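So the protein sequences, as listed, match chains A and B. With this note's numbering as the guide, the letters of the first sequence map in order to residues 1 to 114. With this note's numbering as the guide, the letters of the second sequence map in order to residues 115 to 224.
If you're looking for bench data, these hints aren't it; they were derived computationally from the structure. Remember, it's a predicted structure, so these values are computed and weren't measured experimentally. In this text, a Cβ means the ideal position worked out from N, Cα and C, and glycines have one as well. Some clues are possibly wrong.
For lysine-lysine, the following DSS-like pairs were computed, each having C-alpha atoms within a straight-line distance of at most 25 Å [claimed, not checked]:
| id | chain 1 | residue 1 | chain 2 | residue 2 |
| --- | --- | --- | --- | --- |
| 1 | A | Lys-83 | A | Lys-57 |
| 2 | A | Lys-57 | A | Lys-42 |
| 3 | B | Lys-182 | A | Lys-42 |
| 4 | B | Lys-216 | A | Lys-57 |
Covered stretches of chain A, as calculated for chain B (at least 3 residues, CB under 8 Å) [to be verified]:
| id | region |
| --- | --- |
| 5 | 34-47 |
| 6 | 104-110 |
Here are some, though not all, of the chain A residues that point toward chain B, as calculated from beta-carbon distances under 10 Å [unchecked claim]:
| id | residue |
| --- | --- |
| 7 | Glu-56 |
| 8 | Phe-91 |
| 9 | Ile-100 |
| 10 | Ser-101 |
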Amino acid sequence: EPEVTQTPSHQVTQMGQEVILRCVPISNHLYFYWYRQILGQKVEFLVSFYNNEISEKSEIFDDQFSVERPDGSNFTLKIRSTKLEDSAMYFCASNLQGAISEAFFGQGTRLTVV
Amino acid sequence: KNEVEQSPQNLTAQEGEFITINCSYSVGISALHWLQQHPGGGIVSLFMLSSGKKKHGRLIATINIQEKHSSLHITASHPRDSAVYICAADSGGGADGLTFGKGTHLIIQP
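Chain B on its own, in the form it takes in the complex:
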């Protein structure tokens, strides 16, 4: 069974700062998902990656398959980025569903 760990659990930063959230997993995966959860509870997919790096606007996600580690970066952070960021591992052929980390609660102060 895959164990997914995230750090930090909580992060408070000032607007404009560069943010890094880390995720590690214990078992080889087919894909790693980064998700965003807002206070209302809804979950939005940010990235799905199985190798290398992806960029979308101010968000960048990287993954190192050999080290079983992924990072999510936010450049020029803004208060609207405040949310819970969750990494989730897909360990199998899709039928097993995702294994979620506990999430990182990010607060960006103006």
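Chain A with its partners taken away, still in its complex shape:
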């Protein structure tokens, strides 16, 4: 069964450093998302990406965040100058048609900022 894969599964970084979280969505999917889950809290929407550009972003997705689809398979989330409060589980998701389309999630990347 096709799946969304994320790497790394766990990343530890020092405050102020840049990190790149990587995702390989399901190959024929058209919509891509990043979500964040701070420990003990609910999952929150960060950004959606369609047709090689950002479709929507939440207020969380400020200038320190960026997304890119550098080739036909990878979808990355970059966090510049990480802060302690960026520590969270980051989930990538994809689906075929956007609305009314089953969401497929990766296993997540646990980011720890120290």
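Once you've looked at the hints, dock chain B against the given chain A.
Positioned in the frame of chain A, the structure of chain B alone reads:
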């Protein structure tokens, strides 16, 4: 902005019991997703529904669009059903992403 509320927050039951988890949302939606999150953190999609009822094995999901309410039922519960169950609303055309509830932490005791 859609507000998604789930109840109960925590539920402990005995193996074999019938389980119901409720979800309500404040704004009309295009679809409602039920997701399962295991202790390792990964999220798995269980159902996506926009009307009526869906069944998969021992899991049943229903939605009442007029009342803005959905339920997830587990029949003949088993300890392996222990997980966090999350409902998430799709309010728009897909670009807005999902709005998640806080989840229901379910423990099924043998």
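Here is how each hint holds up against the structure:
1. Annotation: proposed proximity of Lys-83 of chain A to Lys-57 of chain A holds, straight-line Cα distance about 19 Å (limit 25 Å).
2. Between Lys-57 of chain A and Lys-42 of chain A the alpha-carbon distance is near 17 Å, which keeps this suggested pair within the 25 Å criterion.
3. Among the hinted pairs, Lys-182 of chain B with Lys-42 of chain A is consistent with the structure: their alpha-carbon atoms are about 20 Å apart, no more than 25 Å.
4. At most 25 Å may separate the alpha-carbon atoms for a hinted pair to count; Lys-216 of chain B and Lys-57 of chain A meet this at roughly 20 Å.
5. Counting residues of the region 34-47 of chain A whose beta carbon lies closer than 8 Å to any beta carbon of chain B gives 9, which meets the minimum of three for the stated coverage.
6. Under the rule that three or more residues need a Cβ within less than 8 Å of chain B, the assignment of the region 104-110 of chain A holds, with 6 such residues.
7. Given hint, Glu-56 of chain A at the interface with chain B, holds; its Cβ is 5 Å from that chain's nearest Cβ, closer than 10 Å.
8. The interface hint given for Phe-91 of chain A is met, as the beta carbon of that residue sits about 6 Å from the closest beta carbon of chain B, less than 10 Å.
9. Hint on Ile-100 of chain A holds. Least Cβ distance to chain B is approximately 5 Å, under the 10 Å limit.
10. The interface hint given for Ser-101 of chain A holds, since its Cβ lies 7 Å from the closest Cβ of chain B, which is under the 10 Å cut-off.
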